[in-house]
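Q: Which chain is which? The protein sequence lines are A and B, in order.
Residue numbers for the first sequence follow our numbering, so the first one is 4 and each next one is one higher.
Residue numbers for the second sequence follow our numbering, so the first one is 150 and each next one is one higher.
FYI, nobody ran anything at the bench for these hints, they're computed from the structure.
Worth double-checking, as some hints may not be accurate.
[Unchecked claim] Straight line, CA to CA, 30 Å or less: simulated DSBU-like cross-link-like pairs of lysine-lysine:
1. Lys77(A) with Lys189(B)
2. Lys553(A) with Lys186(B)
3. Lys189(B) with Lys553(A)
Model, not experiment: these values are computed from the prediction.
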Amino acid sequence: MALDYRKCAEEIVQHIGGRDNIAQAAHCATRLRLVIKDNDKIDKKALENVDGVKGMFENNGQLQLIIGTGTVNKVYDEFLAVTGMSAATKDDVKAAAAAKQPVWKRMLKALGDVFVPILPAIVASGLMMGLVEALGKAIPGFASTDWYNFLDMIANTAFAYLPVIVAVSAARVFGGNIFLGAVIGLAMIHSNLLNAWSLGSADVQIDYWHLFFFNVRKVGYQGHVIPVIIAVWLMCMIEKWLHKHVPEMIDLFVTPLCTVLATTFLTFTIIGPIFAQLETWVLAGAQVLVRNPIGAGIMGAIYPWTVVMGLHHMYNIIEAGMLAEAGGLNTWMPIASAANFAQFGACLAVGLKARNNKTKVVAIPSSMSAALGITEPAIFGVNMRFFKPFIAGMIGGAVGAIFGAVTGIGATAYGVTGIPGYLTIDKPVQYTILLLISGGIAFVLANILWREEVDEEGAGKNLTDKTTTEEVVQDVADAAQGAEITSKTVIACSAGRIAQPTPGKVIPYTEIPDPTFAAGVLGQGVGIQPEEGVVYAPMDGEISSVAESKHAIGITGSDDMELLIHVGVDTVAMNGDGFETFVNEGDTVKKGQKLMTFDRAKIKEAGHPETVVVLLTNSDDYEDVKFGEDI
Amino acid sequence: MKEFKYTITDPVGIHARPAGLLVKEAKQFASTVMIIKGEKSSKATSLTKLMGMGIVKGDEVTVQIEGDDEEACAAAMEKFMTENL
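Construct all of the structure, not just a fragment, from the sequences and the given hints.
A: Shown next, in the form of structure tokens:
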């Protein structure tokens, strides 16, 4: 019996709390994707029983109803007719789902979005800076060589001009013109302004501009992050507003000019001074705090926040002050070290625990940089983004800082923390314990607190749909087996690596018992004599097709690699009998995820070879395709 | 843009071997070839998508060709499909 689309749509609307409870609606190949205002109004039981709804789950603020290929669009049309809503794209739905998140979460996300793209620059600089500084302290005389001078300049370039890099990235995130963003960033560190870093170290005279009733300090914003991001955000708002309201004919003259003028004025008169004031308070507060262990603990905890705000460069003033006192010992350094090393521990935990390769490749190098005392990559790129590791880092830093204050260790110089800190610390043994405490606590806590979020529907479904413990246990076992089997690469080319999707003996495609496959008409690759009737995703990608007869799955991976996994030869004739698939067209899959099971006995019974064919169907597009067992 | 309709006569439809040959044929031309069946459509150069359409014997497909060499391409595609599908 054909499905009554109208009835299906009407029932769905009824069970999700009516039209008024729907924020957005869209559909993909198989699902109806809805953003619901109040989840309590959803009658899940009733929804699942609606004729036509094959399953449901919630993900990232979206309610997804599985309806099926070819049907979902019809139900969707009726759904729009019933509710009187207009069509939304998938992006709209995603945006609406994001908007449902609390403000601070969205702000953190924006911070992350700004920082992740610029990480390479910060990591390169951070690592180089740590090494150069360490070398300068370790080798007497090195600091006065040309090499040191040269390397030091290169290393601090990205930090010295960080506002520009941040501004460009922020302009991109907030949807403004990136070149105007660059102008804002450059203005904030213009060479006519007094360098903010020289503020603390020397007795410098601050000049003022008198603009209207504002007294504007002629000081740059070197090392600052938050004021820059706020300034650029403001710029984007102004720019967009002007684009909308200025007649097109004069838009090109008026909009950029007014945008830059208004933004820079507001930045130097209001945004900047607020943060400058904040800075002064933080510094004064910090100086008071660090004099006792409890204060040191608090400082150790909030230290990473001051890194986020770009205030930590100012601490040099405190440190310099401490050293200047008679017999002065820099007791600030152990606190900073504890805080930084805790970020290292938390970031390392994420790097080791993450299964998502992208997270891993950011987290591991970032943690190394943090161990050398440069924590920006770890904080912005990893810990802050996932937030829980950041909390773990705060706790680790606090405990380490208390320990530091109790033992009374200190440094004889300032500027280095983390591992290079050994060069300046007075009691290396206690310092080692301090690092172990702060890093260790953060590592363990991050490990406990942080769980990798599976962000896409395919995997989310597996976890949320399952209810019984056995099913969950089975899932975990599947995931473990999937990860193990897909640890071997069977096809590699410039675009990426494809793992072995099923356990068994690997043969080159030329030996597959079928002339078409063996001739390479469908592309190059391998055959696998399966030892078990299961197929795992051999790479991250999107399911481009699932054969109606369920025996073949296509995956599109990075750089448009098109992979075909075809189970058995001539098995199209079995019409799906003995095959079960766990993914739908359009799903995003992660390497190691279970895609399909097949009944080896049934294939044998039907008289077909059971070779699992794995081919890179567009291998012609790549020049360096290699294949074979575990290459 | 050129367009023609064709009813599949090959017993297994557009599956592995025929699909592979179709992709090879389509890749020789600069034009974009779209295969359309009902609401599903795929570029003729994407093997996995083609196979996912589940085109079987008796299905009528629409072939759309667009590009600089669409004349030659359309002729070649029609000839290929008559001979192989």
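Q: Run every hint past the structure and note whether it holds.
A: Hints versus structure:
| no. | hint | verdict |
| --- | --- | --- |
| 1 | Lys77(A) with Lys189(B) | holds, 14 Å |
| 2 | Lys553(A) with Lys186(B) | holds, 19 Å |
| 3 | Lys189(B) with Lys553(A) | holds, 17 Å |
Figure legend: structure checked against the earlier numbered hints; every hint is met.
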